[in-house]
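Construct the entire structure; sequences and hints are all you get.
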Amino acid sequence: MLFSETEKASIIIHFAESKSIMQTRRRFFREFNKTAPTYKTIMKWFNIFKNNGSLAQKKKRNIGNDNHLHDTIGVYEFVTRSPKSSIRKIASHFNISRSKVH
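In our numbering, the protein residues as written are 1 to 102.
Simulated from the structure, these hints should not be mistaken for lab results.
Hints may be right or wrong, so weigh each one.
[Said to hold, decoys possible] Below, a list of computed lysine-lysine pairs in the DSSO-like style, where the Cα atoms sit at most 30 Å apart: (1) Lys84 <-> Lys50; (2) Lys100 <-> Lys84; (3) Lys100 <-> Lys50; (4) Lys8 <-> Lys19; (5) Lys34 <-> Lys50; (6) Lys50 <-> Lys8; (7) Lys50 <-> Lys40; (8) Lys19 <-> Lys34; (9) Lys19 <-> Lys40; (10) Lys89 <-> Lys40; (11) Lys44 <-> Lys34; (12) Lys50 <-> Lys19; (13) Lys89 <-> Lys100; (14) Lys19 <-> Lys44.
What follows is the structure in structure tokens.
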């Protein structure tokens, strides 16, 4: 079930006040006349809010694959051996984008 940001905020406020999942769920049902989220969901939202200061989860950084160091060393060695090689040729040889070579 999907909940609006207003409903999520209401849940967090009610839980912070009462520290009781049951009271929070009952109050939510009375206020919004719909099934309240589960214990697990309420705790997840509360912990996200407690850690981040908002309900928005921090975006995870795309670290990429673990071959970036290997590629960097390989590109360096390739360029050292063939300094006149084009960026396009190096990128093609290592199967990486040209922007990573440059």
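Structure-based check of each hint:
1. Lys84 <-> Lys50: violated (55 Å)
2. Lys100 <-> Lys84: Satisfied, since the Cα-Cα distance of roughly 18 Å is no more than 30 Å.
3. Lys100 <-> Lys50: Cα-Cα ~38 Å, so violated.
4. Lys8 <-> Lys19: Measuring from Cα to Cα gives roughly 16 Å; hence the hint holds.
5. Lys34 <-> Lys50: holds (25 Å)
6. Lys50 <-> Lys8: Measuring from Cα to Cα gives roughly 13 Å; hence the hint holds.
7. Lys50 <-> Lys40: holds (15 Å)
8. Lys19 <-> Lys34: holds (21 Å)
9. Lys19 <-> Lys40: Cα-Cα ~14 Å, so holds.
10. Lys89 <-> Lys40: violated (52 Å)
11. Lys44 <-> Lys34: Roughly 19 Å separates the two Cα atoms, so the pair holds.
12. Lys50 <-> Lys19: The hint holds at about 14 Å.
13. Lys89 <-> Lys100: holds (13 Å)
14. Lys19 <-> Lys44: Between Lys19 and Lys44 the Cα gap is close to 14 Å, so the pair holds against 30 Å.
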